[in-house]
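There are 2 protein chains.
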Amino acid sequence: MRCTAGVHRILLREVVIDAPSSTFAATRDFWAAALGAEAESVAEFPEFTTLRKAAALSWVGLQEVRNADARYHLDIETDDVKAEVARLTVLGAVKVADGRSWVVMQDPSGHLFDVVPHESPWFAERSIEVS
Amino acid sequence: MRCTAGVHRILLREVVIDAPSSTFAATRDFWAAALGAEAESVAEFPEFTTLRKAAALSWVGLQEVRNADARYHLDIETDDVKAEVARLTVLGAVKVADGRSWVVMQDPSGHLFDVVPHESPWFAERSIEVS
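First to last, the sequence lines map onto chains A and B. Just so we're aligned, residue 1 is where the first sequence starts under the numbering used here, counting upward by one. Just so we're aligned, residue 1 is where the second sequence starts under the numbering used here, counting upward by one.
Just chain A, same shape as in the assembly (with noise of 0.2 Å):
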């Protein structure tokens, strides 16, 4: 089996601190000045934090998933977010969710990771194309 989807380009840019609403400010104030960054709230995606020049070489967000447990999830950033769920499919994630503009898979041990539309500055330089 092969993706037939076509060429399309993606990029592994950033891990987010998803934590439940009872230590959310806690855990990005921690980051936050562990980092050296600014927290600031996503104006979209209001359950978003960016932090904003943050020492890491990946960008670095957090978001509050109310009741759910304290996980870490990647985000995946593509040029085609259709082709690239088919093609991580072939390999062996599983689709979880649909997000807003995402979608939600995991890994085959259960690790969570979106597939996003792309939008760092990187893309074009750091992307790699897929099939």
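Because the hints were derived from the structure by calculation, they are not lab data. Be a bit skeptical, because a hint or two may be false.
Repeated chains share a single entry, so a pair holds when one copy, or any two copies, can fit it.
Below, computed lysine to aspartate or glutamate pairings styled on EDC-like, alpha-carbon distance capped at 20 Å [to be verified]:
1) 53 to 75
2) 82 to 40
3) 95 to 29
Just so you know, these numbers come straight off a predicted model, no measurement behind them.
Mind docking chain B on chain A? Use the hints.
Just chain B, lined up with the frame of chain A:
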């Protein structure tokens, strides 16, 4: 209370995909293919695998964690592990265990991360000074 261990430098350099033995090989092969990378065992620490040339802004590794649950953890590299552990403790983290050259900690929500000696080629350029 202030950290009195002096000035040192830190950088969040890596995400590590921790997978139990039962699904480790499938998870390693999935991420290597997903990110266009070469999976390479770390000679010094055989439970670790590096994903070389991954399409990722940060380093990406895997760790075989035997019967433990699948999870991610983060690695913060530093030129002074002891001072960084002290600083992060003041900020609200808790030490969980001593590794060989690293220290395992948890943030206020329980997310695992390690404080590790610096070795990435970007440490001098991308790390920040903390105290």
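These are the hints, each one checked on the structure:
no. : hint     : verdict
1   : 53 to 75 : both (18 Å within a copy, 18 Å between copies)
2   : 82 to 40 : neither (29 Å within a copy, 30 Å between copies)
3   : 95 to 29 : between (32 Å within a copy, 18 Å between copies)
Checked against the numbered hints above, the structure breaks only hint 2 and satisfies the rest.
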